[in-house]
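*Asks:* Let the hints inform the model, and build the full structure from the sequences given.
Each number in my numbering corresponds to the 1-based position in the sequence shown with 1233 added.
Incorrect hints may appear among the rest.
Derived pair list, reagent style DMTMM-like, types lysine to aspartate or glutamate, alpha-carbon separation capped at 25 Å [unchecked claim]:
#1 Lys1240 to Asp1689
#2 Lys1925 to Asp1882
#3 Lys1333 to Glu1286
#4 Lys1917 to Glu1770
#5 Lys1825 to Asp1890
#6 Lys1825 to Asp1891
#7 Lys1322 to Asp1309
#8 Lys1825 to Asp1868
#9 Lys1925 to Asp1689
#10 Lys1825 to Asp1802
#11 Lys1852 to Glu1876
#12 Lys1731 to Asp1868
#13 Lys1318 to Asp1361
#14 Lys1852 to Glu1899
#15 Lys1925 to Glu1712
#16 Lys1825 to Glu1883
#17 Lys1322 to Asp1304
#18 Lys1738 to Glu1899
#19 Lys1886 to Glu1899
#20 Lys1731 to Glu1714
#21 Lys1728 to Glu1770
#22 Lys1336 to Glu1370
Derived Cβ-Cβ restraints for the label pairs, each shown as a range [stated by the list, open to error]:
#23 Arg1470 to Arg1412: 50 to 60 Å
#24 Leu1434 to Phe1637: 24 to 34 Å
#25 Ala1938 to Thr1579: 47 to 57 Å
#26 Ala1362 to Ala1289: 14 to 24 Å
#27 Ile1549 to Gly1313: 46 to 56 Å
#28 Leu1630 to Gly1726: 56 to 66 Å
#29 Val1494 to Met1633: 49 to 59 Å
#30 Val1494 to Val1545: 19 to 29 Å
#31 Gly1442 to Thr1307: 19 to 29 Å
For the record, the hints were derived by calculation from the structure and aren't laboratory data.
Bear in mind the structure is a predicted one, so any value in this text is a computation, not a measurement.
Even glycine gets a Cβ: it sits at the ideal position worked out from N, Cα and C.
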Amino acid sequence: MPNNAFKRCRAFLGYHPLARWLSIFASIGAAFLYLALIALLGLFIDLLVEQGEIPAYHQLSTADRHRFLKDLPTPDDAEGMQAIKDELKSLGFDAQHVGKWAKGDPIEAWSPREPALLWLADTTRWLDASVSPAAAETVRAEVRAANRRYGVEATPHQAIGPCGLLSLVVRTRFTMHARWLAPLAVWNDWTWVRGNQEFLLGLFLAGVGIAIARLGLLYLSNYLGAVAVLEAVTRLRRSIYFQASRLGPLAFRTLGPSDAVSASTRHLEGVHDGLYHWLTVYFREPVKFALVLGFAFVIHFWLSLAFLLIAVLVWIVGGQIAAFFRRRGRRAEMRSADQLVLIQETLMLMRLIKVYLMEAFSQARLETQLSGYAKAQLARYRGEAIYRSFFFFLGLLAAMVLLFVAGNVILARQLGVTSSLVLASAIISLYWPVLTFLSARRIVRRSRAAAVALFDFLDRHGGVGQAIEAEFIGQMTTEIEFAQVSLREPGNGRKLLKNISLTIKAGERVAIVGPDEAEKHALVYLLPRFLDPTHGEVRIDGKNLRWVTLDSLRIQIAMILQPNLVFNDTVANNIGCGDPTYNLQRIIDAAKVAHVHQFVSKLPQGYETLIGELGHPLKQGEMFRIALARAILRDPTILVIEEPATPLDEDTKGLIDDTLKRFVGERTVIFLPHRLTTLRACDKIFLLYEGKLEAVGDHRELINASELYRHLQYMEFNEFAGLASPAAPAPTAEDSPA
1234 MPNNAFKRCR AFLGYHPLAR WLSIFASIGA AFLYLALIAL LGLFIDLLVE QGEIPAYHQL
1294 STADRHRFLK DLPTPDDAEG MQAIKDELKS LGFDAQHVGK WAKGDPIEAW SPREPALLWL
1354 ADTTRWLDAS VSPAAAETVR AEVRAANRRY GVEATPHQAI GPCGLLSLVV RTRFTMHARW
1414 LAPLAVWNDW TWVRGNQEFL LGLFLAGVGI AIARLGLLYL SNYLGAVAVL EAVTRLRRSI
1474 YFQASRLGPL AFRTLGPSDA VSASTRHLEG VHDGLYHWLT VYFREPVKFA LVLGFAFVIH
1534 FWLSLAFLLI AVLVWIVGGQ IAAFFRRRGR RAEMRSADQL VLIQETLMLM RLIKVYLMEA
1594 FSQARLETQL SGYAKAQLAR YRGEAIYRSF FFFLGLLAAM VLLFVAGNVI LARQLGVTSS
1654 LVLASAIISL YWPVLTFLSA RRIVRRSRAA AVALFDFLDR HGGVGQAIEA EFIGQMTTEI
1714 EFAQVSLREP GNGRKLLKNI SLTIKAGERV AIVGPDEAEK HALVYLLPRF LDPTHGEVRI
1774 DGKNLRWVTL DSLRIQIAMI LQPNLVFNDT VANNIGCGDP TYNLQRIIDA AKVAHVHQFV
1834 SKLPQGYETL IGELGHPLKQ GEMFRIALAR AILRDPTILV IEEPATPLDE DTKGLIDDTL
1894 KRFVGERTVI FLPHRLTTLR ACDKIFLLYE GKLEAVGDHR ELINASELYR HLQYMEFNEF
1954 AGLASPAAPA PTAEDSPA
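*Replies:* This is how it looks when you write it as structure tokens:
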């Protein structure tokens, strides 16, 4: 399920395929350039250690000597032998000094100088064929210079140089490395033409260039990845908005306003982070790890394999040990938390302890609790100390084993000092890809959980839709009828309304009251079809609302609901809702009726002043009057007003009453009241309790007939209501006085 949800999120990256694939390719390109930087580091280390010198015969490893001697021309190859002799003459040596080789005598009969001369001659000849004649001539020049410096007798036993990259090419001529080093020397003659200084400068410039190119690719990968991810997240956020619109307002009580908000913020931000790391890290770091590991295998296969096996073994064993002690640590932490609860309880019992003279008993209990807490914490810290120390010991032991194996390889001259340093650099550099990938993996894992929560919201079914053959409904002229209406709360299935039947005549002022806010909202949400009833029908002028067009229904209904009185925009847009058909003059006229114009004129930019959460602060009464102006502008037939639950000052109450007196007229008004004066002014009051219509009547009738209504009036509508507990239960028959 988590993988499927995250896969669905990844599919949204396909809306910007160019950015997606360019980000992936740039990311992989950056991984290759990372390897190039390590290779440059290897060349730099080789230059510093070997000084760009071609080794003499006696400096070769035993294996290289055997390969060299095996490849020398034999007396049967007269042409090859003559080429060696000619090469010796060009280097300034006498061919007579390799006479025993020329006769085909066994190697044991040769003089020590003879294989050294043959090595020099064969090296220049091999460079001529494998690199270029210019490379061979560069080495010949260095040999002649050595003849002048050391003498003809000593030169064969001296390292020749500086020769830049040719030193490494010659030293690896018997290995597979020569297959790519020789072409590298062919394509980049600056690495050997002018010696070591030019080579060093070239390495520096190449390193800077590759670093800049890698920086550019990383920027491109991250930027294009962000573009693709933002496109996906924007589409997902848009889907959340449409889904929230389909679910309807009542769904937000159980499914939460927080559910849609969490989906759009916390969950979607988690998906955003996961997609970004998946796109920019999940491809780059494994490729980088594989390339560097392959580079290490090229340097020395068996030593690299030993490192890999040891690392995997340490990872598995150490991970299991760490997981075991972490589980024990969590159990110990839970025990210590229990002891802390008991200690807190003991501290809260001081009055009881004092009045019942329980000091000795309480002290003994406290000591037991402190001892239990200390033991639990000690067990946790002991476990952490053991597994951390053991993990370090495993790592140290693995390093010592690896050093022992590497030492044997180096002492056997199967690996040079330079190669060992480069191998160590490559192995160390494997740490960062692993660390980065594991960090990204944790983020992606959290993102998978966020994706599940996100699509859990997006996959919910909205219950309201417009019928294909829906008809237009005109303005209400007779009545609103709720016929045997039942409604289950979306999300948890709780019955909010149970067989509600009531009628509201056109032009009536009615109030809906009850202890449960959800039940009251459920009833009024059925009017604009934010939700449809589970059973029963809602009718206006005898027409079932399921079979009328949503636009023709909602255009004649205005709702003023808490807490969404205003939104973050200008005053003009808050009243006109951004509808271009309402010009500023019509907005001002509606504002004057709602007594909004006076305080809006004093705002910094008047009707263009930003209000809302991030805008100019307004009082509760001012926001309520702006919401009234919004309703007035639309000239509705049906008006639903939820009054502010917080007390308003007397001036504001007077302005609101004046607005309603002038505007309501013959309109049908449904109040969700919080003021006693509103209850008294209503023609009819519907009392809801536990989803049922408990009582119907005007204020005076319900005061006399309903104990529940009297209780609600006392708890919510009298002047001391704020002093009572809002969670007090409704009275039952047993509670009523005899």
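*Asks:* All hints, please: hold or fail.
*Replies:* Going down the list of hints, with the structure as the test:
| no. | hint | verdict |
| --- | --- | --- |
| 1 | Lys1240 to Asp1689 | 14 Å, holds |
| 2 | Lys1925 to Asp1882 | 34 Å, violated |
| 3 | Lys1333 to Glu1286 | 28 Å, violated |
| 4 | Lys1917 to Glu1770 | 21 Å, holds |
| 5 | Lys1825 to Asp1890 | 14 Å, holds |
| 6 | Lys1825 to Asp1891 | 12 Å, holds |
| 7 | Lys1322 to Asp1309 | 21 Å, holds |
| 8 | Lys1825 to Asp1868 | 14 Å, holds |
| 9 | Lys1925 to Asp1689 | 32 Å, violated |
| 10 | Lys1825 to Asp1802 | 20 Å, holds |
| 11 | Lys1852 to Glu1876 | 14 Å, holds |
| 12 | Lys1731 to Asp1868 | 33 Å, violated |
| 13 | Lys1318 to Asp1361 | 15 Å, holds |
| 14 | Lys1852 to Glu1899 | 30 Å, violated |
| 15 | Lys1925 to Glu1712 | 21 Å, holds |
| 16 | Lys1825 to Glu1883 | 19 Å, holds |
| 17 | Lys1322 to Asp1304 | 21 Å, holds |
| 18 | Lys1738 to Glu1899 | 11 Å, holds |
| 19 | Lys1886 to Glu1899 | 22 Å, holds |
| 20 | Lys1731 to Glu1714 | 15 Å, holds |
| 21 | Lys1728 to Glu1770 | 16 Å, holds |
| 22 | Lys1336 to Glu1370 | 28 Å, violated |
| 23 | Arg1470 to Arg1412: 50 to 60 Å | 53 Å, holds |
| 24 | Leu1434 to Phe1637: 24 to 34 Å | 39 Å, violated |
| 25 | Ala1938 to Thr1579: 47 to 57 Å | 54 Å, holds |
| 26 | Ala1362 to Ala1289: 14 to 24 Å | 21 Å, holds |
| 27 | Ile1549 to Gly1313: 46 to 56 Å | 55 Å, holds |
| 28 | Leu1630 to Gly1726: 56 to 66 Å | 60 Å, holds |
| 29 | Val1494 to Met1633: 49 to 59 Å | 55 Å, holds |
| 30 | Val1494 to Val1545: 19 to 29 Å | 45 Å, violated |
| 31 | Gly1442 to Thr1307: 19 to 29 Å | 48 Å, violated |
Violation of the numbered hints given earlier is confined to hints 2, 3, 9, 12, 14, 22, 24, 30 and 31; the remaining hints are satisfied by the structure.
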